[in-house]
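Residue numbers (my numbering), protein chains in the order written: chain A, 1 to 293; chain B, 1001 to 1400.
Keep in mind that the hints were calculated from the coordinates and are not lab data. Please note that the accuracy of each hint is not assured.
To be verified - Distance ranges between label pairs, derived from CB positions:
1) A/D188 - B/R1228: 41 to 51 Å
2) A/R290 - B/R1190: 53 to 63 Å
3) A/R99 - B/L1203: 16 to 26 Å
4) B/I1219 - A/D97: 38 to 48 Å
5) B/P1357 - A/K262: 30 to 40 Å
6) A/G288 - B/E1012: 22 to 32 Å
7) B/V1025 - A/R9: 17 to 27 Å
8) B/D1230 - A/V267: 48 to 58 Å
9) A/F90 - B/D1204: 19 to 29 Å
10) B/Q1365 - A/D188: 19 to 29 Å
11) A/G58 - B/Y1247: 54 to 64 Å
12) A/R99 - B/D1210: 21 to 31 Å
13) B/F1223 - A/F90: 16 to 26 Å
Given the structure is predicted, the values throughout are model-derived calculations rather than measurements. Glycine included, each C-beta is placed from N, C-alpha and C at the ideal position.
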Amino acid sequence: MSVDTSFTRFTGTPGYIAAGPLVDAVNCSIALQRPLLLKGEPGTGKTVLARHVAEGLGMPQLTWHVKSTSKAADGLYVYDTVQRLNDSRFGTGDVSDIRTYIKYGPLGRSFAAAERHVLLIDEIDKADLEFPNDLLRELDEMRFTIVETGEEVAARHRPVVLITSNNEKELPDAFLRRCIFHFIEFPDVALMRKIVAVHHPHLDATLLDQVLIKFYWLREQNDLRKKPSTSELVDWISALLRAGVSHDTLEAHIPFVGALLKKEQDVEALTRYDGRGGRLPVKWSELGPRYNQ
Amino acid sequence: MFLDLFYGLRDEGVPVAIQEWLAFVDALEAGLHGSSLLRFYHLGRACLVKSEVYFDAYDRVFARLFHGIEGSVDDEITEQLLEWLKDPKALPELTPEQLAAFERLDHDELMRRFLDTLAEQTERHDGGDRWVGTGGRSPFGHGGTHPTGIRVGGPGGSRSAMKVAEERRFRDYRTDMTLDGRQMRVALRRLRHLTRRGLPTELDLDETIDETCRNAGEIELVFRAPRRNDVRLLLLMDVGGTMDPHYEPVSQLLTALHEERGLRAFETYYFHNCVYDHVYRSARLLREDEVPTGDLLRRLDRRWKVVIVGDAAMHPAELLEAHGNIDPRRTTPTPGIEWLKRLANHFERVAWINPEPTSEWDFVQTTRVVRRLFPMFPFSVDGVTEAVRALVAARQGEAA
Chain A
1 MSVDTSFTRF
11 TGTPGYIAAG
21 PLVDAVNCSI
31 ALQRPLLLKG
41 EPGTGKTVLA
51 RHVAEGLGMP
61 QLTWHVKSTS
71 KAADGLYVYD
81 TVQRLNDSRF
91 GTGDVSDIRT
101 YIKYGPLGRS
111 FAAAERHVLL
121 IDEIDKADLE
131 FPNDLLRELD
141 EMRFTIVETG
151 EEVAARHRPV
161 VLITSNNEKE
171 LPDAFLRRCI
181 FHFIEFPDVA
191 LMRKIVAVHH
201 PHLDATLLDQ
211 VLIKFYWLRE
221 QNDLRKKPST
231 SELVDWISAL
241 LRAGVSHDTL
251 EAHIPFVGAL
261 LKKEQDVEAL
271 TRYDGRGGRL
281 PVKWSELGPR
291 YNQ
Chain B
1001 MFLDLFYGLR
1011 DEGVPVAIQE
1021 WLAFVDALEA
1031 GLHGSSLLRF
1041 YHLGRACLVK
1051 SEVYFDAYDR
1061 VFARLFHGIE
1071 GSVDDEITEQ
1081 LLEWLKDPKA
1091 LPELTPEQLA
1101 AFERLDHDEL
1111 MRRFLDTLAE
1121 QTERHDGGDR
1131 WVGTGGRSPF
1141 GHGGTHPTGI
1151 RVGGPGGSRS
1161 AMKVAEERRF
1171 RDYRTDMTLD
1181 GRQMRVALRR
1191 LRHLTRRGLP
1201 TELDLDETID
1211 ETCRNAGEIE
1221 LVFRAPRRND
1231 VRLLLLMDVG
1241 GTMDPHYEPV
1251 SQLLTALHEE
1261 RGLRAFETYY
1271 FHNCVYDHVY
1281 RSARLLREDE
1291 VPTGDLLRRL
1301 DRRWKVVIVG
1311 DAAMHPAELL
1321 EAHGNIDPRR
1331 TTPTPGIEWL
1341 KRLANHFERV
1351 AWINPEPTSE
1361 WDFVQTTRVV
1371 RRLFPMFPFS
1381 VDGVTEAVRA
1391 LVAARQGEAA
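Build the full structure now, drawing on both the sequences and the hints.
In structure tokens:
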């Protein structure tokens, strides 16, 4: 495969703080013209990344939201036979030209487009187990044939393909082999500060400290069924700011816990902890050694 | 050379193919790694490793191969290192083995190798990538840089590749470990056998066209039933006694199975140590929860898939002899082994999942006996995946 050394590089955007390895992985996928497969905890910004890659590269973006009923062929094109049958029955529309009944899917559109696109295939693991296998050739060669017309659609510009997966199903090896893989790790405190700064630039530093201490402490609790994620943290801070919660209140309580914990068992566990007179941490030193290097 | 990385990964069971290796080489050619070992580490991982499950293996191989190569080398540090090299005993925290290995090399040899390493490293910074393989195994690197925790001029402040690799943060993602609920669900997703049954709600296009043509162009829509999972699963669980330490993972398996709504039917029963005349509807094994095992065999046909979770470790008499039940109030003349044989003969697909470590199976007499009746799988992601595969493997004489 030819390697384009002068490819357009992604360097991040002001609205998305990406760790170095992630930027490298994006660039690697652009340079090698292979799809980038992103995995990671929910809420680590897998889907949002595509929008920012598109923004950073100055390319338009197309999204293919995969559902449990999605078929690989839907992404290429759909032949609307029922419409055509109807038209022929009632004499409306031009039935002789089959092409008017071929409707491109997101993948097909990104191939046929005149300019290079960023294509996001979101949550590929939602679909059937065989789904990724059905896309192998299309993603490899970036071309497909419309069976009904015999026409071949080849990508004028290979789109930058980003694929996200939540690990609900294992992806087939043959598919994985064609991808560049990146696992988005949960951000550490330093990175998290930067991320929060993007969304809430004027947040008081001591308040932020308290917020992060509570947040990471919650994440450390092993019996939580669902750990709060970055996006939930950002929402929670919005709620705190709206309500004007002070630094002192936050020391002893976790207000608006519903923004962070989404399972009733988790909320109950926290209430029980409170009821037992459990103390919430106030200083970083009360968290594990991981936070105190 | 750094093909060692490729084969090292394969030895660790990471599925890397030539195609991925070539992609990696392409990426290196494009200069994507810059001149930093950390970026080289991440680039290699992105290209070669396709699941976080194998990140730990990658870390181990990387740490082994690239031990001691770190950052750029400048004169000052070179001198410092040479200083230390002359007196390896002065290095704190060397293990006796390392020290012995060190002393086996005479000073000149060590010096020569060290300089070779340096030469290769300089070469790398001129743009080549020869530095990798031999340097990684250099005795100098091991003794000189790592145990003392001294990085040779690594990028100040930021994390080093070796540190990243050696931290092994992805240990938890290894699949040969016992699994958590989510991984369990991923493994169980394979448990399916699709058939069409139920209400016709899906448009059958081919039939619609055919019928419409037959109908002289008058549109005739034909529907068919969507595909559904046809798997019926019977789960038999050993509880109490030796199974107590396995309570947590086993309950996760149970939760995962309960949440797996795709199954056509699913029933769970409990037993203690071995299946006898009765199994129990609840894990408390109360008399009112009793269900005659014979009823199960009559009611559930052979297509039911059976998963037995148990350690198969008991006193031989409990398994092999009449009145063997450990609970004296419930003994029966039929020995446990007889019931197990009936299960094995009645159902087409049975898998036994044993939470005890595989290495111990051979040392337990009853486990050996049970293994002759049922295929036995360890309680890990790989084990459950294998078990599920065995359960849904193609059958003869049954249409899909």
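Hints versus structure:
Under the hint 41 to 51 Å, the C-beta atoms of A/D188 and B/R1228, about 45 Å apart, fit the expected range. Take A/R290 and B/R1190: their Cβ atoms lie about 36 Å apart, and the range 53 to 63 Å is violated. For A/R99 and B/L1203, the hinted distance range of 16 to 26 Å is satisfied, since their beta carbons lie about 22 Å from each other. Under the hint 38 to 48 Å, the C-beta atoms of B/I1219 and A/D97, about 20 Å apart, miss the expected range.
Range check, B/P1357 to A/K262: Cβ separation about 36 Å, and the 30 to 40 Å hint holds. A hinted range of 22 to 32 Å for the beta carbons of A/G288 and B/E1012 is consistent with their spacing of about 29 Å. In this structure, B/V1025 and A/R9 meet the distance hint of 17 to 27 Å, their C-beta atoms being roughly 20 Å apart. The supplied range of 48 to 58 Å is broken by B/D1230 and A/V267, whose beta-carbon atoms lie about 39 Å from each other.
For the hinted restraint 19 to 29 Å between A/F90 and B/D1204, the CB-CB distance of approximately 22 Å keeps it satisfied. At roughly 51 Å, the beta-carbon separation of B/Q1365 and A/D188 lies outside the given 19 to 29 Å, and the hint is violated. The beta-carbon spacing between A/G58 and B/Y1247, approximately 56 Å, falls within the hinted interval of 54 to 64 Å. Range check, A/R99 to B/D1210: about 24 Å between beta-carbon atoms, so the 21 to 31 Å window is met.
For the hinted restraint 16 to 26 Å between B/F1223 and A/F90, the CB-CB distance of approximately 22 Å keeps it satisfied.
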